[in-house]
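Visitor: Same order as they appear, the protein sequences are chains W and G.
Under my numbering, the first residue of the first sequence is numbered 8, with each subsequent residue one higher.
Under my numbering, the first residue of the second sequence is numbered 8, with each subsequent residue one higher.
Certain hints may be false.
Copies of the same chain look alike in the list, so a pair counts if it fits in one copy or across any two.
[As the list claims (entries may be wrong)] No farther apart than 27 Å at their CA atoms in a straight line, the calculated lysine-lysine pairs in the DSS-like style are these:
1) K120 x K319
2) K14 x K326
3) K259 x K319
4) K326 x K343
5) K259 x K326
6) K319 x K171
7) K259 x K14
No wet-lab data here; the hints were simulated from the structure.
Number of protein chains: 2
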Amino acid sequence: MNSAPLKNDLLLRALLREPTPRTPVWIMRQAGRYLPEYRETRARAGSFITLMSTPELACEVSLQPVNRFALDAAILFSDILTIPAAMGLGLHFVEGEGPSFERPVRDAAAVTKLGVPDPEQDLLYVLDAVRLIRSELAGRVPLIGFTGSPWTLACYMVEGGASKEFAHIKSMLYAEPARLHQLLALLARSIALYLNAQIAAGAQALMLFDTWGGVLTGSAYREFSLHYMSTIVGQLKRESEGRRVPVILFTKGGGAWLESMGQSGADALGIDWTQDLGEARRRVGGQVALQGNLDPAALHAPPARIREEVKKVLDSFGKGSGHVFNLGHGITPGVKLEHAAAMIAAVHELSPAYHR
Amino acid sequence: MNSAPLKNDLLLRALLREPTPRTPVWIMRQAGRYLPEYRETRARAGSFITLMSTPELACEVSLQPVNRFALDAAILFSDILTIPAAMGLGLHFVEGEGPSFERPVRDAAAVTKLGVPDPEQDLLYVLDAVRLIRSELAGRVPLIGFTGSPWTLACYMVEGGASKEFAHIKSMLYAEPARLHQLLALLARSIALYLNAQIAAGAQALMLFDTWGGVLTGSAYREFSLHYMSTIVGQLKRESEGRRVPVILFTKGGGAWLESMGQSGADALGIDWTQDLGEARRRVGGQVALQGNLDPAALHAPPARIREEVKKVLDSFGKGSGHVFNLGHGITPGVKLEHAAAMIAAVHELSPAYHR
Numbered sequence: 008m009n010s011a012p013l014k015n016d017l018l019l020r021a022l023l024r025e026p027t028p029r030t031p032v033w034i035m036r037q038a039g040r041y042l043p044e045y046r047e048t049r050a051r052a053g054s055f056i057t058l059m060s061t062p063e064l065a066c067e068v069s070l071q072p073v074n075r076f077a078l079d080a081a082i083l084f085s086d087i088l089t090i091p092a093a094m095g096l097g098l099h100f101v102e103g104e105g106p107s108f109e110r111p112v113r114d115a116a117a118v119t120k121l122g123v124p125d126p127e128q129d130l131l132y133v134l135d136a137v138r139l140i141r142s143e144l145a146g147r148v149p150l151i152g153f154t155g156s157p158w159t160l161a162c163y164m165v166e167g168g169a170s171k172e173f174a175h176i177k178s179m180l181y182a183e184p185a186r187l188h189q190l191l192a193l194l195a196r197s198i199a200l201y202l203n204a205q206i207a208a209g210a211q212a213l214m215l216f217d218t219w220g221g222v223l224t225g226s227a228y229r230e231f232s233l234h235y236m237s238t239i240v241g242q243l244k245r246e247s248e249g250r251r252v253p254v255i256l257f258t259k260g261g262g263a264w265l266e267s268m269g270q271s272g273a274d275a276l277g278i279d280w281t282q283d284l285g286e287a288r289r290r291v292g293g294q295v296a297l298q299g300n301l302d303p304a305a306l307h308a309p310p311a312r313i314r315e316e317v318k319k320v321l322d323s324f325g326k327g328s329g330h331v332f333n334l335g336h337g338i339t340p341g342v343k344l345e346h347a348a349a350m351i352a353a354v355h356e357l358s359p360a361y362h363r
Numbered sequence: 008m009n010s011a012p013l014k015n016d017l018l019l020r021a022l023l024r025e026p027t028p029r030t031p032v033w034i035m036r037q038a039g040r041y042l043p044e045y046r047e048t049r050a051r052a053g054s055f056i057t058l059m060s061t062p063e064l065a066c067e068v069s070l071q072p073v074n075r076f077a078l079d080a081a082i083l084f085s086d087i088l089t090i091p092a093a094m095g096l097g098l099h100f101v102e103g104e105g106p107s108f109e110r111p112v113r114d115a116a117a118v119t120k121l122g123v124p125d126p127e128q129d130l131l132y133v134l135d136a137v138r139l140i141r142s143e144l145a146g147r148v149p150l151i152g153f154t155g156s157p158w159t160l161a162c163y164m165v166e167g168g169a170s171k172e173f174a175h176i177k178s179m180l181y182a183e184p185a186r187l188h189q190l191l192a193l194l195a196r197s198i199a200l201y202l203n204a205q206i207a208a209g210a211q212a213l214m215l216f217d218t219w220g221g222v223l224t225g226s227a228y229r230e231f232s233l234h235y236m237s238t239i240v241g242q243l244k245r246e247s248e249g250r251r252v253p254v255i256l257f258t259k260g261g262g263a264w265l266e267s268m269g270q271s272g273a274d275a276l277g278i279d280w281t282q283d284l285g286e287a288r289r290r291v292g293g294q295v296a297l298q299g300n301l302d303p304a305a306l307h308a309p310p311a312r313i314r315e316e317v318k319k320v321l322d323s324f325g326k327g328s329g330h331v332f333n334l335g336h337g338i339t340p341g342v343k344l345e346h347a348a349a350m351i352a353a354v355h356e357l358s359p360a361y362h363r
């Protein structure tokens, strides 16, 4: 069933810097609260946990944006924290407050107790969702799998939830670095297994979300975040169904370290909206593709203004292949549907000129 | 009384890139909750608003860190939002949630209604505090005055308080840029008057805190934040008591734009901990001094480790003048006193080697 030929492979080609007739486009958090059909399914599910852990529901919402808009990729509907959830930390979501864990990892005993989840057993619901989405997509567009980075998972696990100052994990980093390395190594092993299982189940591209790498100093970023992401990338089976499975690495607020990120083995880097895409392209020496980077808030502007902002992003990257259009971070719940549509239409209409 | 000769002018000299025997050091939010004497005064005041708006109390807490530690500067105890408070927006502080305004500025009518505060009338309590602190300092160390940047004040005024996504002000930026420019121009005029009044009252250096500039794209940063900070810097009376009054500009998360910030007319740039100080120095071409940039979380490490991290920061800047040691952001409430002391002692002991 997974072997339906891929009709639109623009994303995969752009991520590998192969020529394409136009720039492909997808949206981080494209299956989300700005879509009325998502809110309907979410209400029916009763809870976010039920929604993400029921393969049929996860499949349904993964397909919603692709059915509504001319997007060039679907992304698995899931959460970046499925691995710590599978480790038994008690993931739950408080409305308006984001994810948190009932049992944070704060001492040596808690770190030592953690085991590596077996994806086909402990994360079966995710893999079943991947298989179902692939089947339902029937080759229309490729499916992106994902997870959080080791550092980002560790942030949530040690802090117990979202944080502003990251006092607990940074105390561990500065005062007990060996313990943190133990935790990160375990997470890297778990993530590599999990992403390889997503590939086996049908994911055609992968994205590592390093949401919190940007709170580190440069040297700590390389030691505690980038190192483990590179390790994971090196362990992935990058070939599936006769094609390379490209990997996108995204460190929000990581603009200072693009050169190092470009050496990680990833095929593409996600770029947040604070960076200039053309400058980023020069800094990585054209060795990786770039994904991004419209300011998500630009979608509050009128459609004509959105079109101008899309053009600025395309201009900034410039001519040639290796650009995947996206926002610089996830789409926000308040965005109007016709504004998202205006962005996508502008990419379709304006981008061919950059590929001639 | 203000004319007591300045006994320690290391800060002023370093900010002007003049030679000093060692690197001066102060701490952002050095008068704050990590100090037991601050918590005592704060409790006596009853509320944060009373504390900051009573000159005697503001003076008392401004001097506490200077009395306890070998710091090379005092900074006025105040808030970055005194100007919008003086404009009548109803500033208040909810414990644990930060500042907010009762009457946010959301439409044309609200923008048009705003007036420029007269510092010696509407912000007299701040200027009285400056005069009192100068008198009490009696020339021990220089006094730094400050305010928030126009963009940062506008963020709080339009959002009504702290924000994660800045949806209201960014909607204004993308959909009604002329209205936002009207607001920012008014704030720039108000800030220039206010800072000049702080200089007249005795401030010997000034800092502009652009807490939220880092949420913008590069072009929006230059248009909506940096432009107005440059305008202000150009309007300041930079000479007082026979000395130049140096200006420090700090955009948190502004690492991508240091070259432009270096052209703003400011004497020094604050650098957050995500940037490499040596690289920042190269990028600004030695045309401005740099202030920073130890990760505030490093103060959770044991004193011996703090000393190593201080050395890394000094190494990163390298030899020569033009560096003011500081954290890369404000000190956090949970820091132990002996850890702050260890940082300051390390700067005193290790930095002379960089000035030979």
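Visitor: Does each hint hold? Answer for all of them.
Guide: Hints versus structure:
Taking CA atoms no more than 27 Å apart as the test, K120 paired with K319 passes in neither setting, with 50 Å inside one copy and 34 Å between copies. For the identical chains of this complex, K14 and K326 are intra-copy neighbours only, at 25 Å inside a copy versus 59 Å across copies, given an alpha-carbon limit of 27 Å. For a Cα distance limit of 27 Å, the shortest separation of K259 from K319 qualifies both inside one copy, at 21 Å, and across copies, at 25 Å. Proximity of K326 to K343 under the C-alpha cut-off of 27 Å is found in neither arrangement, the shortest distances being 30 Å within a copy and 54 Å between copies.
In this homomeric assembly, K259 and K326 come within 27 Å of each other (Cα to Cα) only inside a single copy, at 25 Å, whereas the closest approach across copies is 32 Å. For a Cα distance limit of 27 Å, the shortest separation of K319 from K171 across copies, 25 Å, qualifies, whereas the shortest one inside one copy, 32 Å, does not. With identical chains, the CA atoms of K259 and K14 are never at most 27 Å apart, being 31 Å at best within one copy and 45 Å at best between copies.
When each numbered hint is compared with the structure, violations occur for hints 1, 4, 7.
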